[in-house]
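There are 2 protein chains.
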Amino acid sequence: ADEDAMRAARARQGQLTKPPGALGALEDLSVRLAGAFGTPTPHPQGVTVIVAAGDHGVVSEGVSAFPPEVTPAMVANFLADTPAGPGGAAVNALARTLGAQVLVADVGVNADLPAHPRLHALKIRRGTRNLRAEAAMTREETEAAILAGARLAAQAMEGGADVLIPGEMGIGNTTPAAALTARLLNVPARAVTGRGTGVTDDTLERKVRVIEAALARGGSDPADPLGVLADLGGLEIAFMLGVMLQAAGARCVIILDGFVEGSAALVGVALQPHLRAYLFPAGECAEVGHAAQLAHLGLTPMFHLGLRLGEGTGGVLAAPLLLGAAATLREMQTFAEAGVPGAP
Amino acid sequence: ADEDAMRAARARQGQLTKPPGALGALEDLSVRLAGAFGTPTPHPQGVTVIVAAGDHGVVSEGVSAFPPEVTPAMVANFLADTPAGPGGAAVNALARTLGAQVLVADVGVNADLPAHPRLHALKIRRGTRNLRAEAAMTREETEAAILAGARLAAQAMEGGADVLIPGEMGIGNTTPAAALTARLLNVPARAVTGRGTGVTDDTLERKVRVIEAALARGGSDPADPLGVLADLGGLEIAFMLGVMLQAAGARCVIILDGFVEGSAALVGVALQPHLRAYLFPAGECAEVGHAAQLAHLGLTPMFHLGLRLGEGTGGVLAAPLLLGAAATLREMQTFAEAGVPGAP
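Sequence order for the protein chains is H and Y. Using the numbering used here, the first residue of the first sequence is number 135, and each one after it goes up by one. Using the numbering used here, the first residue of the second sequence is number 135, and each one after it goes up by one.
Think of the hints as simulated: they come from the structure by calculation, not from any bench. Ideal Cβ placement from N, Cα and C applies to all residues, glycine included. Be careful, since some hints might not be right.
Here are some chain Y residues pointing at chain H (derived, C-beta under 8 Å) [claimed, not checked]:
| # | residue |
| --- | --- |
| 1 | Ala218 |
| 2 | Ala227 |
| 3 | Phe437 |
| 4 | Leu443 |
| 5 | Gly458 |
| 6 | Met466 |
| 7 | Ala472 |
Computed footprint of chain H on chain Y; a stretch qualifies when at least three of its residues, placed anywhere within it, have a C-beta under 8 Å from a C-beta of chain H [unchecked claim]:
| # | segment |
| --- | --- |
| 8 | 139-152 |
| 9 | 157-171 |
| 10 | 199-211 |
| 11 | 444-451 |
With the hints as extra help, turn the sequences into a complete structure.
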């Protein structure tokens with residue numbers, strides 16, 4: 135992050151026509167945006183969600199409330215023609231109303247999806263392996279998924295995107311997300327394993343044991359974050375990591391949506407600590423373990439609406455808060471400019 | 135509120151393509167919006183802030199960190215021509231970026247403001263009387279301010295506004311807001327008196343004593359909410375009440391910004407309990423006493439960003455969350471429509 139721009143932004147917040155600090159957390163967000171964009175008057179305007187879809191071999195262990203057929207069906211829903219416009223999922227409805235673009239990528243859906251003009255067909259393989267028994271991905275598959283995400287992010291940024299929201303759809307993917315989080319934070323599986331789409335007590339217990347077994351394989355070491363990602367992750371998680379790294383490299387910002395996105399961010403910050411300065415968490419999601427991720431990253435979420443959907447939905451909802459924070463730096467007058475008397 | 139529309143909206147949220155409850159508080163907001171607008175598929179689109187400015191006789195007691203000259207200077211700032219467009223205050227910057235209209239009204243500024251094409255000159259009197267010593271307003275002045283707010287809201291709604299954000303500017307106005315809150319909630323002044331724009335410990339102590347003295351006059355009774363408003367309120371507070379009552383009467387929704395707005399809402403709900411169904415609190419503001427207002431109203435804020443600026447700024451930031459909540463009801467497909475398998 136650009137420390138000079140942050141200092142200038144912080145000083146400017148103190149001169150704008152309001153009591154010092156009266157914009158609360160919005161002022162801190164504006165300063166972080168200044169640091170990320172490298173200017174005290176940032177002007178983000180291209181909000182783009184990239185929804186990556188992938189399946190997970192571990193669903194054969196019965197860790198999800200929904201059948202894996204939901205993954206391709208939801209991809210079709212993201213692409214559907216509806217009376218309101220393209221896409222009938224929550225992320226589509228929110229993005230349409232709030233002025234965000236939605237890109238949809240198949241990175242690892244376990245089905246042959248029909249070609250569609252709005253689908254980025256970037257499948258690396260049909261689903262991951264069962265991470266309970268073996269590494270979910272090879273290192274080559276992992277790197278290919280990261281590269282695919284980086285490439286689509288680069289393409290989006292060429293088209294004007296400067297606020298990127300990695301989103302995901304993948305039945306079962308809170309299991310790899312919890313496994314990654316447990317390993318990278320070095321905490322027990324149980325502490326960071328939640329109900330995902332809403333599993334029962336029994337299924338939650340099974341999910342914890344599956345993750346414990348995966349960790350007990352000893353297939354990866356936190357000192358090798360890419361190895362951890364290959365061992366315990368997922369194709370859409372690797373893809374989202376690629377989006378994040380590419381966005382940060384181009385000095386664009388990333389809105390972090392939820393728990394699965396957070397697991398990609400943990401890998402990313404382990405690989406490249408500077409990534410942190412470009413990450414803006416949306417809400418604290420209802421999935422247990424998300425708070426631990428954010429505490430580890432040292433980042434504060436913008437709201438607590440109890441979302442637990444994924445798709446980038448929380449990110450889309452948070453985008454106006456970020457654009458607003460930047461607008462205060464850019465468009466408010468100072469006391470001197472406005473001729474307003476200050477506090478005595 | 136329309137109970138049938140709320141039931142239909144709640145049922146629809148259960149059929150949309152997401153795990154039940156996965157949109158968290160957004161689902162509850164969407165159901166309340168359905169009730170307010172009287173349809174299970176609400177479509178709010180005209181977000182309008184009405185910023186009312188007024189001065190307060192009680193500032194002569196030294197209760198504010200800023201001099202009263204700031205009130206007219208900030209009105210000029212709301213109206214200023216700036217490189218970014220009309221208005222150089224926080225509410226202007228946020229509204230411009232997030233697609234909200236801003237209307238500015240002089241209800242009681244203690245200065246002769248120059249005419250301006252964007253200024254609604256609705257002054258009832260130049261500031262209120264000192265509420266420590268006597269009633270802040272006569273009942274006639276109070277009713278005139280309420281009517282002025284109702285008329286401007288009606289005019290805004292004729293122009294397409296359907297999400298109204300009453301906002302305010304008035305140096306010293308957290309003092310009447312705290313006095314109103316203390317009387318209407320029947321709690322000690324100290325429990326609901328905060329630092330406003332940022333007063334010191336000494337000034338806070340003086341502010342508490344001024345409010346205690348005002349309450350000790352015994353000039354009003356909670357059984358007569360309009361009498362309480364006249365006794366302890368302010369012209370812009372009465373005006374905001376008029377905006378709220380008119381909006382609710384027309385089945386439009388109101389985003390409640392902060393503590394001063396909350397004091398108007400307390401009077402409003404005391405007068406007309408049905409108003410509550412049309413109130414959507416933005417964030418919990420940093421002013422002590424706001425949480426007590428929201429608890430009394432039985433309403434949950436959308437975020438906790440620590441704002442304490444007023445002007446309607448929190449309301450503008452919250453508007454996209456409301457529009458998004460409505461969009462999920464209106465534009466998401468159901469499991470059946472999308473052909474997505476549900477949970478077994």
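Now for the hints, and whether the structure bears them out:
{"no.": "1", "hint": "Ala218", "verdict": "holds, 4 Å"}
{"no.": "2", "hint": "Ala227", "verdict": "holds, 4 Å"}
{"no.": "3", "hint": "Phe437", "verdict": "holds, 4 Å"}
{"no.": "4", "hint": "Leu443", "verdict": "holds, 4 Å"}
{"no.": "5", "hint": "Gly458", "verdict": "holds, 5 Å"}
{"no.": "6", "hint": "Met466", "verdict": "holds, 5 Å"}
{"no.": "7", "hint": "Ala472", "verdict": "holds, 4 Å"}
{"no.": "8", "hint": "139-152", "verdict": "holds (count 3)"}
{"no.": "9", "hint": "157-171", "verdict": "holds (count 4)"}
{"no.": "10", "hint": "199-211", "verdict": "holds (count 9)"}
{"no.": "11", "hint": "444-451", "verdict": "holds (count 3)"}
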